[in-house]
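Peer 1: Letter by letter, the chains look like this.
Protein chains: 2
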Amino acid sequence: MEIEDGSVTRILMGVSESTIKGYPHASISSRGAFDWTIQKIVRYNTSAFKLLFLHVQVPDEDGFDDMDSIYASPEDFKSLTDRDRAKGLHLLAYFVTRCHEIGVSCEAWIKRGDPKEVICHEVKRVQPDLLVVGSRGLGPFQRVFVGTVSEFCVKHAECPVITIKRSADEAPQDPVDD
Amino acid sequence: MEIEDGSVTRILMGVSESTIKGYPHASISSRGAFDWTIQKIVRYNTSAFKLLFLHVQVPDEDGFDDMDSIYASPEDFKSLTDRDRAKGLHLLAYFVTRCHEIGVSCEAWIKRGDPKEVICHEVKRVQPDLLVVGSRGLGPFQRVFVGTVSEFCVKHAECPVITIKRSADEAPQDPVDD
Chain A
1 MEIEDGSVTR
11 ILMGVSESTI
21 KGYPHASISS
31 RGAFDWTIQK
41 IVRYNTSAFK
51 LLFLHVQVPD
61 EDGFDDMDSI
71 YASPEDFKSL
81 TDRDRAKGLH
91 LLAYFVTRCH
101 EIGVSCEAWI
111 KRGDPKEVIC
121 HEVKRVQPDL
131 LVVGSRGLGP
141 FQRVFVGTVS
151 EFCVKHAECP
161 VITIKRSADE
171 APQDPVDD
Chain B
1001 MEIEDGSVTR
1011 ILMGVSESTI
1021 KGYPHASISS
1031 RGAFDWTIQK
1041 IVRYNTSAFK
1051 LLFLHVQVPD
1061 EDGFDDMDSI
1071 YASPEDFKSL
1081 TDRDRAKGLH
1091 LLAYFVTRCH
1101 EIGVSCEAWI
1111 KRGDPKEVIC
1121 HEVKRVQPDL
1131 LVVGSRGLGP
1141 FQRVFVGTVS
1151 EFCVKHAECP
1161 VITIKRSADE
1171 APQDPVDD
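Top to bottom, those sequences are chains A and B. First residue of the first sequence: 1, per this note's numbering; consecutive thereafter. First residue of the second sequence: 1001, per this note's numbering; consecutive thereafter.
These aren't lab readings, by the way, just hints derived from the structure by calculation. Don't take every hint at face value.
What the hints assert, rightly or not - Below, simulated BS3-like cross-link-like pairs (lysine-lysine); rule was C-alpha separation at most 27 Å, straight line:
(1) A:K50 / A:K111
(2) B:K1165 / A:K155
(3) B:K1087 / B:K1111
(4) A:K124 / A:K155
(5) B:K1124 / A:K50
(6) B:K1124 / A:K155
(7) A:K165 / B:K1087
(8) B:K1111 / B:K1124
Unchecked claim - Each pair of labels, with its calculated beta carbon distance range:
(9) A:P59 / B:H1090: 53 to 59 Å
(10) B:Q1127 / A:D114: 31 to 37 Å
(11) B:Q1173 / A:G103: 44 to 50 Å
Computed from a predicted structure; not experimentally measured. The beta carbon of each residue, even a glycine, is placed where N, CA and C say it ideally should be.
Based on the sequences and whatever the hints tell you, model everything.
Peer 2: Now the structure itself:
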């Protein structure tokens, strides 16, 4: 058993924005999954890994925040799209900056659609060695209402998957928030 | 974010014997999970990891193989127990030897009981950073009959879990075998 010369282990991470009002940028579970991956897998062996960050924007949810706004012209929709893109880029910039500080190479991109479907589709396309997804660690009752991206990916992604559950002391007041 | 000095990432692996008649020692999925962990996670950074091998012997299944034997005295049962222990030790010796060749430190032990329950109990006891389990990658129809240890562990183990599915070209004639 030999490790291929020059090969790196490519880890795809699905990252999401925080749902907490006024809470900026990356969700608690995304940051937890990133920290865990660096501390437990990459460690100081930074040249052996490459992190791939995928952020999936949900078209309907993004619109929901803007129900108070008035859309009177195509230009209004264009500005919404620009704002969404800016938020997504800001999220990815957080992880890309941290990777540069740590010295591990990375790539990051945005897709739109249903996160669980898009993540599994991107796994098929980019063929990472490993998919890491954060999870709020909700109980069975809460899961019925919010669904979980991580459970779907564990079942359907065509590569090994690690789910990193948010630790109890990091959970916000409403555990459905992240 | 600092990696603790002197700390290692402790990876618990649940390993099982092959179910194939005359096929010696470690199951295909256990060997696949081990190879994947070395190639994709440990890589050449051997001093940063410690592998913990847990083999769970199922009392009923072990007895089942011996239905043709005659148990006439307590001594007969004792010899069965010795034989089981020898098989389990042989299995663990395979993984311990490979770790020594690679230069990664390890520990190995045997427990008896229901594998999925015992693995989750041992996770609680030894608190590894990560649990790796192999899986036959069976379809939903086959899973109903054979159950899967990996699905239970993903849901119930109190640490992150990676399931490594057996690759299609390694599957034996009967995919329920391993």
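Peer 1: Look at each hint and say if it fits the structure.
Peer 2: Taking the hints in turn, this is what the structure says about them:
1. A:K50 / A:K111: holds (20 Å)
2. B:K1165 / A:K155: At roughly 11 Å apart (the allowed maximum being 27 Å), K155 (chain A) and K1165 (chain B) satisfy the hint.
3. B:K1087 / B:K1111: holds (13 Å)
4. A:K124 / A:K155: Holds. K124 (chain A) to K155 (chain A) sits at ~14 Å (cutoff 27 Å).
5. B:K1124 / A:K50: Violated - the C-alpha atoms of K50 (chain A) and K1124 (chain B) are around 31 Å apart, more than 27 Å.
6. B:K1124 / A:K155: With a Cα-Cα distance of about 24 Å, the restraint between K1124 (chain B) and K155 (chain A) holds, given a limit of 27 Å.
7. A:K165 / B:K1087: Since the Cα atoms of K165 (chain A) and K1087 (chain B) sit roughly 36 Å apart, the hinted pair is violated (cutoff 27 Å).
8. B:K1111 / B:K1124: holds (14 Å)
9. A:P59 / B:H1090: 53 to 59 Å: Holds, at about 56 Å.
10. B:Q1127 / A:D114: 31 to 37 Å: holds (35 Å)
11. B:Q1173 / A:G103: 44 to 50 Å: holds (48 Å)
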